[in-house]
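**Q** Residues per chain are reported as follows:
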Amino acid sequence: MIVEARKASFGEPLRLRSGAVLPEFEIAYETYGTLNAARSNAVLVCHALNASHHVAGAYADDPENLGWWDNMVGPGKPLDTDRFFVVGNNYIGSCFGSTGPTSINPGTGRPWGADFPVVTVEDWVAAQARLADFLGIERFAAVMGGSIGAMQALYWALAYPGRVRHSIVIAATPRLSAQNIGFNEVARQAIMTDPDFHGGHYYDKGAVPARGLRIARMIGHITYLSDDAMMEKFGRQLRRAAPGFDFDIDFEIESYLRYQGDKFASYFDANTYLRITKALDYFDPAGDFGGDLSKAFARATADFLVVSFTSDWRFSPARSREIVRALLDNRRVVSYLEIDAPQGHDAFLLEDPRYHGALRAYFANIAL
Amino acid sequence: MTEADTILQWVAPRSRVLDLGCGDGSLLRRLWEERQAPGYGVEIDDAHVLECIRNDVNVLQMDLEDGLATFADRSFDCVILSETLQAIHRQEPLLKEMLRVGGEAIVSFPNFGYWRARIQIALGGRMPVSRELPYQWYDTPNVHLCTLVDFEALCAKLGFRVLERVVLTGGRRVHYLANLLGGLAIYRVSA
Chain A
1 MIVEARKASF
11 GEPLRLRSGA
21 VLPEFEIAYE
31 TYGTLNAARS
41 NAVLVCHALN
51 ASHHVAGAYA
61 DDPENLGWWD
71 NMVGPGKPLD
81 TDRFFVVGNN
91 YIGSCFGSTG
101 PTSINPGTGR
111 PWGADFPVVT
121 VEDWVAAQAR
131 LADFLGIERF
141 AAVMGGSIGA
151 MQALYWALAY
161 PGRVRHSIVI
171 AATPRLSAQN
181 IGFNEVARQA
191 IMTDPDFHGG
201 HYYDKGAVPA
211 RGLRIARMIG
221 HITYLSDDAM
231 MEKFGRQLRR
241 AAPGFDFDID
251 FEIESYLRYQ
261 GDKFASYFDA
271 NTYLRITKAL
281 DYFDPAGDFG
291 GDLSKAFARA
301 TADFLVVSFT
311 SDWRFSPARS
321 REIVRALLDN
331 RRVVSYLEID
341 APQGHDAFLL
351 EDPRYHGALR
361 AYFANIAL
Chain B
1001 MTEADTILQW
1011 VAPRSRVLDL
1021 GCGDGSLLRR
1031 LWEERQAPGY
1041 GVEIDDAHVL
1051 ECIRNDVNVL
1061 QMDLEDGLAT
1071 FADRSFDCVI
1081 LSETLQAIHR
1091 QEPLLKEMLR
1101 VGGEAIVSFP
1111 NFGYWRARIQ
1121 IALGGRMPVS
1131 RELPYQWYDT
1141 PNVHLCTLVD
1151 FEALCAKLGF
1161 RVLERVVLTG
1171 GRRVHYLANL
1181 LGGLAIYRVS
1191 A
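In order, the protein sequences belong to chains A and B. Just so you know, our numbering puts 218 at position 218 of the first sequence, and the rest follows in order with no gaps. Just so you know, our numbering puts 1001 at position 1 of the second sequence, and the rest follows in order with no gaps.
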């Protein structure tokens, strides 16, 4: 599938949850399939931390660069683009094309950098609603995402109940735990204490806080994998013939984490990383309802599919069951899958016949 | 007459139903189509969960052995446990949970007191294998088999009231000597 990235510009200011105002913004997006005459077959796909609007397919001039959820979305795939019109989007504050810290601040003519406001899941969803208006989509057949993408899918059902028929919430949590926030704070501290960070204004100085970013990514990676998956993949295998009794790479896992960290630091923006982790920390739809998630869900009218993975300790099945409980309390239509998968949080990106089979069956039952 | 027909008769129109061990969801589908009763199924098996989604019924993939903590008190009119009781390890807590979550419970199970089972043990000296109990003793999901009398004694111990009982053998209703002549028992109970 050959795809094309596009941008939509919005001149109307966007008031953010923090109170800050984004005077104008752009959203990078891609679409796959065809919007039907009734405009009833649109599915919005929301991405997680380091992904983008490039959900599926490949660009004509870059055939190797497959979309991050190409195993899920495409012709004949579980989310079948022969039947559905799928919209991939890049959330604001990101560094892959939508307005973010690397964009030019219209007030100063220079990159936003540290001055780019802290954005939240709520803000992402408000911006996506503008994109839906722009594309002429009044109501999505489904909004779908994994991890941070799942928070968006969930929040869509709360913020715009009339605009979502199905919310597909995968590897999710209704709020971060203290441990989750703790990991995020370590990652932020790694970035902000990097001498090349310059208080977030590193673009002007030609600097990149790469050391901080790579440590942030290394920590993140540990939380995406299960203990078992890591042991299976790397074990205690050494990279060299014998232990070196020094601080070079001894174990395979060290090599892997350093490689992942270096790769990430070469393309990801540190200011974006800080903001995404904050968006995660702040997400708590029950917060306005005294912590009562069931009350928060009283607004929802969508049907839900909730999916978790048994070995996911970052957002464990217990977190997903809290969502299910809140939906049951509101007598919503909901199905819940707990896939016995060994890979940890990252399982939502992988191909598993039970997981993909269930999603295929679920989408097939969505009337158009 | 089938077990499903019996259960359908007992479920009032538009009741809220929870079906524990719901299999492929066909009972839930019938409850919706014939009784307009919205329901949820609980099922652990991956293949059955997929069939439920294909059948367009609400299914929650959970292990009954973990209890029913996901469900609020009295959140259902009726909680069904169809031919699953004998495969549960801890039956007492589950039965109590069913009547915490629901106003009524419907429980069905193969009757171990059925004469064919008795004869296989008494005369053959072997664990029974039959249409109702098709497994070898060493390869069976059934860990706690019981008879009608056993189940009624447990209900009495738990303080449950038996509201109705239907006993079937080969699709026919059994009216006499049910504990001897009945292959499958279906109970409607309340707290």
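Treat the hints as calculated values from the structure; they're not laboratory data. All figures in this text were calculated on a predicted structure; none of them were measured in a lab. All C-beta atoms in this analysis are idealised placements derived from N, C-alpha and C, irrespective of residue type, glycine included. Watch out, some of these pointers could steer you wrong.
Claimed, not checked - Covered, in the sense of this in silico footprint (three residues per stretch, anywhere, with C-beta under 8 Å from a C-beta of chain B), are these stretches of chain A: (1) 2 to 12; (2) 101 to 112.
Said to hold, decoys possible - Ranges between beta-carbon positions, derived for each pair: (3) A:Ala364 / B:Leu1008: 38 to 48 Å; (4) A:Asp227 / B:Arg1116: 48 to 58 Å; (5) A:Asn65 / B:Arg1090: 49 to 59 Å.
**Q** Are the hints correct? Go through all of them and say.
**A** We went through each hint and held it up to the structure:
no., hint, verdict
1, 2 to 12, "violated (count 0)"
2, 101 to 112, "violated (count 0)"
3, A:Ala364 / B:Leu1008: 38 to 48 Å, "27 Å, violated"
4, A:Asp227 / B:Arg1116: 48 to 58 Å, "50 Å, holds"
5, A:Asn65 / B:Arg1090: 49 to 59 Å, "53 Å, holds"
Comparing the model with each numbered hint stated earlier shows that hints 1, 2, 3 do not hold.
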